[in-house]
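A.B. asks: Listed below, chain by chain, are the residues.
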Amino acid sequence: DAGVIQSPRHEVTEMGQEVTLRCKPISGHNSLFWYRQTMMRGLELLIYFNNNVPIDDSGMPEDRFSAKMPNASFSTLKIQPSEPRDSAVYFCASSLTGTGEQYFGPGTRLTVT
Amino acid sequence: EDQVTQSPEALRLQEGESSSLNCSYTVSGLRGLFWYRQDPGKGPEFLFTLYSAGEEKEKERLKATLTKKESFLHITAPKPEDSATYLCAFRRSGNTPLVFGKGTRLSVIA
Chain D
551 DAGVIQSPRH EVTEMGQEVT LRCKPISGHN SLFWYRQTMM RGLELLIYFN NNVPIDDSGM
611 PEDRFSAKMP NASFSTLKIQ PSEPRDSAVY FCASSLTGTG EQYFGPGTRL TVT
Chain F
223 EDQVTQSPEA LRLQEGESSS LNCSYTVSGL RGLFWYRQDP GKGPEFLFTL YSAGEEKEKE
283 RLKATLTKKE SFLHITAPKP EDSATYLCAF RRSGNTPLVF GKGTRLSVIA
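If you read the sequences in order, they're chains D and F. Numbering-wise (my numbering), the first sequence opens with residue 551 and increments by one. Numbering-wise (my numbering), the second sequence opens with residue 223 and increments by one.
There may be inaccurate statements among the hints.
Claimed, not checked - No more than 20 angstroms apart at the CA atoms, straight line, and that leaves these computed lysine to any residue pairs for SDA-like:
#: 1; chain 1: D; residue 1: Lys574; chain 2: D; residue 2: Ala552
#: 2; chain 1: F; residue 1: Lys264; chain 2: D; residue 2: Ser637
#: 3; chain 1: F; residue 1: Lys291; chain 2: F; residue 2: Ser250
#: 4; chain 1: F; residue 1: Lys279; chain 2: D; residue 2: Thr649
#: 5; chain 1: F; residue 1: Lys285; chain 2: F; residue 2: His296
#: 6; chain 1: F; residue 1: Lys264; chain 2: D; residue 2: Ser608
#: 7; chain 1: F; residue 1: Lys264; chain 2: D; residue 2: Met565
#: 8; chain 1: F; residue 1: Lys324; chain 2: D; residue 2: Thr588
#: 9; chain 1: F; residue 1: Lys324; chain 2: D; residue 2: Val639
#: 10; chain 1: F; residue 1: Lys324; chain 2: D; residue 2: Lys574
#: 11; chain 1: D; residue 1: Lys574; chain 2: F; residue 2: Glu267
Unchecked claim - These stretches of chain F come out as covered by chain D in the derived footprint (C-beta under 8 angstroms, 3 or more residues):
#: 12; stretch: 244-256
#: 13; stretch: 265-274
#: 14; stretch: 318-330
To be verified - Here are some chain D residues pointing at chain F (derived, C-beta under 8 angstroms):
#: 15; residue: Leu593
#: 16; residue: Tyr598
#: 17; residue: Ala638
#: 18; residue: Phe641
#: 19; residue: Gly655
#: 20; residue: Pro656
Everything labelled a hint here was simulated from the structure, so no lab data went into it. As the structure is a computational prediction, the values presented were derived from the model and not from experiment. Built from N, CA and C at the ideal position, the CB exists for glycine as well.
Please take these sequences and the hints and turn them into a complete structure.
C.D. replies: Okay, here's the thing in structure tokens:
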């Protein structure tokens, strides 16, 4: 298996622009997680899905952030409009519900200028 | 409030100098304590899961242990390639996601 796939790996954009991050989970995994990592706050959970259904989005910082999972093999995290404080590394992870063990993608490094 | 604290924040060791990383937790209904390794520019990589006090797991130079309040990651005779950030995380009862600590940055100097 190729593992969790994320794209793009790097994104540089200007404040106010829309940013879309993409994730393909490991085949057969039915839970998907979006995290944000910064030096100050560490790894923070933004939202997670079970069987394509959003379960908890309490970590989403504000309405500028939205996430979708239209099918079992694809998810997006969108930021509109982006702000400099959104600059961070965004990780997607997947797991088999019930195991707890999550497998992470390589991350997307987002820079908003 | 459930929480996890890792110490030290950073640790510098000479090659071969054994040491331990600490993960203290306060969780009601713990359903697993997890250790991950993260290399610069990469996502966290799963190492171990511990479920009950007294449990131990080993992988190469790493051994993870669990008590009712803490978990330790023991590194025996480390090598430079063990340099990374080590993250611990817990899972509460039910089908809930992991909550991560901020990690310990380990540097092993040849």
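A.B. asks: Enumerate the violated hints, using their earlier numbering and listing them in ascending order.
C.D. replies: Violated hints: 6, 7, 10, 17; rest satisfied.
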